[in-house]
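A.B. asks: One-letter residues, chain by chain:
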Amino acid sequence: MGNTAFLQALGGTLESFADGHGRIRLPFQPFLVGNPDTGVIHGGVLTALLDQACGMAVGSALRAPAMIATLDLRIDYMKPAQPETDLIIESECLKIAHEVAFTRGYAFQTTREDPVAIATATFMLTHFDTPPQMERR
Amino acid sequence: MELLTRAGKADPNALLAAVPYCAWLSLSARIEEGALILDMPFDPKLIGNPVLPALHGGVVGSLLETAALVQTIWETGAATVPRPVDITIDYLRSARAVASHARGFIVRQGRRVVAARAEMWQDDAAKPVASFRGHFLLG
Numbered sequence: 001m002g003n004t005a006f007l008q009a010l011g012g013t014l015e016s017f018a019d020g021h022g023r024i025r026l027p028f029q030p031f032l033v034g035n036p037d038t039g040v041i042h043g044g045v046l047t048a049l050l051d052q053a054c055g056m057a058v059g060s061a062l063r064a065p066a067m068i069a070t071l072d073l074r075i076d077y078m079k080p081a082q083p084e085t086d087l088i089i090e091s092e093c094l095k096i097a098h099e100v101a102f103t104r105g106y107a108f109q110t111t112r113e114d115p116v117a118i119a120t121a122t123f124m125l126t127h128f129d130t131p132p133q134m135e136r137r
Numbered sequence: 001m002e003l004l005t006r007a008g009k010a011d012p013n014a015l016l017a018a019v020p021y022c023a024w025l026s027l028s029a030r031i032e033e034g035a036l037i038l039d040m041p042f043d044p045k046l047i048g049n050p051v052l053p054a055l056h057g058g059v060v061g062s063l064l065e066t067a068a069l070v071q072t073i074w075e076t077g078a079a080t081v082p083r084p085v086d087i088t089i090d091y092l093r094s095a096r097a098v099a100s101h102a103r104g105f106i107v108r109q110g111r112r113v114v115a116a117r118a119e120m121w122q123d124d125a126a127k128p129v130a131s132f133r134g135h136f137l138l139g
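Going down the list, the protein sequences come from chains A and B.
Oh and the first sequence: position 15 is 15 in the working numbering, straight run, nothing missing.
Oh and the second sequence: position 6 is 6 in the working numbering, straight run, nothing missing.
Mixed in with the good hints there might be a few duds.
[Said to hold, decoys possible] These stretches of chain A come out as covered by chain B in the derived footprint (C-beta under 8 angstroms, 3 or more residues): (1) 15 to 27; (2) 30 to 37; (3) 46 to 57; (4) 92 to 98.
Keep in mind the hints are simulated off the structure, nothing from the lab.
All C-beta atoms, glycine included, are put in the ideal place defined by N, C-alpha and C.
Excised from the complex, chain A in its bound form (with noise of 0.2 angstroms):
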């Protein structure tokens, strides 16, 4: 799983992917704000960048290229994002069993430690060929 066109779309950049760790950048744009009131971007927007954010972590811990499909996401929205602020999106694979691999994803805007949201994704691998993929972490 590399880019796509819709993080493209969104503008969001991929800053670092390997050993299952990664790191997407967001700046803010006017239109992913959900609500023109306060100017908070839509959480459907987070959603997309924590599943991307997820998914290439586990892409860049396989040892061969699968194919990985969003199986499971789920996300705790903690606090409002700050309008006009980038977003930093970072996930890490927890562990690759045979057919599923285990993520977790953080977005904030200044670090980790205070998330506006929190997501927990899971994803099925189908793999190119038929020997099963190494345990990973």
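Once you have looked at the hints, place chain B on chain A.
C.D. replies: Only chain B this time, still in chain A's reference frame:
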């Protein structure tokens, strides 16, 4: 002026048009047999997997969360936009590169919080592509 006063609580299309991200996704609402249904046309920018091709999981989540939120505003007559507390999305099928539809439901309305769910489908309403559940704070 508050968004809901300006857009009119009874007119989901005015609400969707007033929200920049919903307008960017070209979301619209219609009422069919008393049910509020959101429609999202296909656009190449919505692609998350170019090989299948499939819509981005975040696009699916955006439509579902909006359907649950608009349903909540429509049913409760909320004076301010309810704030999401937590959401869960189950991805049931690959979302194809075609138009999508979603419907929200209130599971329970409390004084401060609403438990809501939503379903998304494409050609066949009997084959859901994804389902959503979440909580929204009122007021």
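A.B. asks: Look at each hint and say if it fits the structure.
C.D. replies: Hints and how they fare:
Taking a C-beta to C-beta cut-off of 8 angstroms, the stretch 15 to 27 of chain A contributes 0 residues in contact with chain B, too few for the three needed, and the coverage statement is violated. Note: the stretch 30 to 37 of chain A has 8 residues with beta-carbon separation from chain B under 8 angstroms; the three-residue rule is met and the coverage holds. Residues of the stretch 46 to 57 of chain A lying with their CB closer than 8 angstroms to a CB of chain B number 7, which satisfies the three-residue condition for coverage. Requiring three or more residues with a Cβ within less than 8 angstroms of a Cβ of chain B, the coverage given for the stretch 92 to 98 of chain A is violated, as only 0 such residues are present.
In this structure, the earlier hints numbered 1, 4 are contradicted, and the remaining ones agree with it.
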